[in-house]
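Participant: Read off the chains here:
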Amino acid sequence: NAGVMQNPRHLVRRRGQEARLRCSPMKGHSHVYWYRQLPEEGLKFMVYLQKENIIDESGMPKERFSAEFPKEGPSILRIQQVVRGDSAAYFCASSEGGRGVEAFFGQGTRLTVV
Amino acid sequence: RKEVEQDPGPFNVPEGATVAFNCTYSNSASQSFFWYRQDCRKEPKLLMSVYSSGNEDGRFTAQLNRASQYISLLIRDSKLSDSATYLCVVNIGQGGTALIFGKGTTLSVSS
Numbered sequence: 001n002a003g004v005m006q007n008p009r010h011l012v013r014r015r016g017q018e019a020r021l022r023c024s025p026m027k028g029h030s031h032v033y034w035y036r037q038l039p040e041e042g043l044k045f046m047v048y049l050q051k052e053n054i055i056d057e058s059g060m061p062k063e064r065f066s067a068e069f070p071k072e073g074p075s076i077l078r079i080q081q082v083v084r085g086d087s088a089a090y091f092c093a094s095s096e097g098g099r100g101v102e103a104f105f106g107q108g109t110r111l112t113v114v
Numbered sequence: 001r002k003e004v005e006q007d008p009g010p011f012n013v014p015e016g017a018t019v020a021f022n023c024t025y026s027n028s029a030s031q032s033f034f035w036y037r038q039d040c041r042k043e044p045k046l047l048m049s050v051y052s053s054g055n056e057d058g059r060f061t062a063q064l065n066r067a068s069q070y071i072s073l074l075i076r077d078s079k080l081s082d083s084a085t086y087l088c089v090v091n092i093g094q095g096g097t098a099l100i101f102g103k104g105t106t107l108s109v110s111s
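Just so you know, the sequences run in chain order A and B. Anchor point for the first sequence: position 112 equals 112 in the numbering used here, and the numbering is continuous, going up by one each time. Anchor point for the second sequence: position 25 equals 25 in the numbering used here, and the numbering is continuous, going up by one each time.
Just so you know, the hints here were simulated from the structure itself, not pulled from any lab data. Careful, some of the hints might be misleading.
To be verified - Here are the simulated DSS-like cross-link-like pairs (lysine-lysine), alpha carbons at most 27 angstroms apart as the crow flies:
#1 Lys44(A) <-> Lys45(B)
#2 Lys62(A) <-> Lys103(B)
#3 Lys44(A) <-> Lys42(B)
#4 Lys79(B) <-> Lys51(A)
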């Protein structure tokens, strides 16, 4: 049973480009969470999705960021017109349910904006 | 007030020492509690869930005090391999919510 798979592991983008981060949850998991971790900082919740639905996006910046979890395929975190401040590790986690169930993390995507 | 607060440390202890981490949470509706461990530049990994009755897993003991909104993690007989950042995690668990992470407490165990 493969764990949570994220790709790419490392992504370099120039300012103004778009970044697409992918996350395939563990088999049987229908809940996906995205977190961002800035250097020397803790994990910040961004968005929580179930298949085809955004449940909680209270941690998402209002502009340039979007997320989806389609019926088929991985969850995508999309950052448009990246800026240097977007450089961070983006972790995806998945769980079987959304109520009090532990989540399992992917290895993360390290985004560097140059 | 932050949702989940932890002393960032670092805690520097010798091998064999006993060390305790504390965590407080602000939302009294929180229902589920966990400790995760994160090694440098790696993903967080579940260490243990925290139950109201307290629970133990080998050298690790977790306690929950709902009245004080306080969670603790005790590590006995510290090993070099215990060096990591320990994350206190809370879930409100109503209507589907994400896990909320504290910033973590850094532990460094030396020989």
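Participant: Mind listing which of the numbered hints don't hold for this structure, in increasing order?
Facilitator: Failing hint: just 4.
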